[in-house]
Amino acid sequence: MSAAAPRARDPYRWWRTGLFLYTGLFLTFLYLPLIVILLLSFNDSTSTGFPLQGATTKWYAQVLDSADLIAAFANSLAVGATAAVISTSLALLLALGFRHGVRGQSLVLNLILLPVLLPGIVGGIVLLIFFGYMEIRSDLWTTVLVAHVNYVLPFAFLTLYPRVHGFDRTLEEAAMDLGATPLKVFRHVVWPMLMPAVVATALFAFTLSFDEFIRTVFVSGHDRTIPVLFWLLVVDEIAPHLPAMAVVIILVSTALSLAAFAIGRRADRST
Amino acid sequence: MPRPFPGVRPIGKPFWLMLPGVAWLLVFGLAPVAFMVAVSFWRSSIFGTTPDFVFDSYARIIEEPLYLDLIVKTLRMAALTTLLSLLVSYPLAWFLATRRGAWKAVWLVAVFVPFWISYVVRTFVWLPILGRNGLINQSLMALGITDAPVEWLLYNEGAVYVGLVYVYTLFMTLPIYLALGRIDPKLLEAAADLGARPWQTFRHVVLPLSWPGVLSGCIMVFLLAVSAYVTPRLLGGTSGIMLGNMIASQFLSNNNWAMGAALSVTLVGIVGALLLVTGRWIGIAEVFTGGKK
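Residue numbers (the working numbering), protein chains in the order written: chain A, 539 to 809; chain B, 391 to 683.
Treat the hints loosely; a few may be bogus.
[Stated by the list, open to error] Partial selection, computed: residues in chain A whose CB lies under 10 Å from chain B:
#1 Pro-653
#2 Asn-688
#3 Ile-752
Rather than coming from a laboratory, the hints here were simulated on the basis of the structure.
Every residue, glycine too, gets a C-beta built ideally from N, C-alpha and C.
Next up, chain A with everything else stripped away, as it sits in the complex (with noise of 0.2 Å):
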């Protein structure tokens, strides 16, 4: 592949052009059922499907109207935040437990990496065991919050610690010659360096429990978050407003995990 050889005699020539039409064969495959979505939620008619009717925004108009959508929708802030907040900061104390060295610490690894090997559907239905054999009712605040912290610590873990255990501690250091307390160190030397890289771990955190069903699904209870709303919607019948609610549920997350990313990318450049 040397820049020097005349292009006739490339003979990679071929290769090129089949994976160039491979990927653009694959493109398709990924896209083409996004458009097609696109298109029946805004199809004038009652049966989902083709062929097209004509087009109407009725759909959209019933789906950002339902009552339904927007519970799930405050239910989902509310918890992914809720689960963000307490993931973030037992990952963070682990963190900066693990910069010290203690026995047992790889026994510490496993078990925060245990969740991310159980399988989803096991992850939830150990607690609908586990709960419900103690007759605690599976709610938001109960089975789904923890359902959701479970998944998203190890997460937070992974990205946090890489910054907590890589940042120059001779700043550390010099502040203890100074005479700076633990605590007075942290506050005013580790904390505002680490700050940055907490704030966008919460918000990766946040997207995740965001789009999180399989641990929820079976240990939501009578509260809906938004995957849950739209699977026992799709489960129970295929009704003609639900490509327009895909799109919606498309456009919300992705504009919320955008925003994230930006956000935590700029706090964490700021430093």
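Following the hints, complete the assembly by docking chain B onto the known chain A.
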């Protein structure tokens, strides 16, 4: 494990710092799993599930073809999904890894952004494509290829493969892309200078070097596919159901907690066995980084 910080005193004893997190993980992480293992040995009858220590549920899983066949079928489906994802992802990963300049970012965004969308929605979008009034059937009929809608597009095993590959193939593409990106282009030039045909270079240079990425992609996709619930439930009909659906039905309709727990333990056992076997070649942490230590 990290080196301790000799010159810096922690703000608290590491024990106290780690206590809240460890307590959470023990109470809400480990204890429910341990409890599920215990429940899998309970006795189940029409009156419900009662504490005991019997192997009834496991015996039924082994003896009744209903369960054993489903486990075998689930393993087969997960394996085939993994193979299909590998075939779909490898050329794509190579294409992405060989892009240069500003276009590289464009291609990466185009390929990876759709995977940000919830998989519940991404599974649902196949219904209006494969269904009776779906895009494929209506196109076939409009073109005069068939007179009536083709029924076998949806609610069978085949539809589940389409859905699972669509939802999970990113987890194959990403690690292979990362592994291919780490190959020194000079190696390919050297192979070409020594007279290797493109296929020979691929076979003897590229493929072996991308092996860690392939392995971590296969592990991830297999683990996700073997515990699938959403895709088989939505696209599989009765013939396409998998172990995850059987587990859910023990709680949602059969009300047999002991059996549900035993099937869950079986699923965790499958996952654990796979990680144990592949652990000889690749560590668990490296699975997430495409084989990079």
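Okay, the hints, checked on the actual structure:
1. For the restraint placing Pro-653 of chain A at the interface with chain B, the shortest Cβ-Cβ distance is roughly 6 Å, inside the 10 Å limit, so the hint holds.
2. For Asn-688 of chain A, the interface hint holds, the least distance from its beta-carbon to any beta-carbon of chain B being 6 Å, beneath 10 Å.
3. Residue-level restraint check for Ile-752 of chain A holds (minimum Cβ-Cβ distance to chain B is 6 Å; threshold 10 Å).
Hint check: no violations occur; every hint is consistent with the structure.
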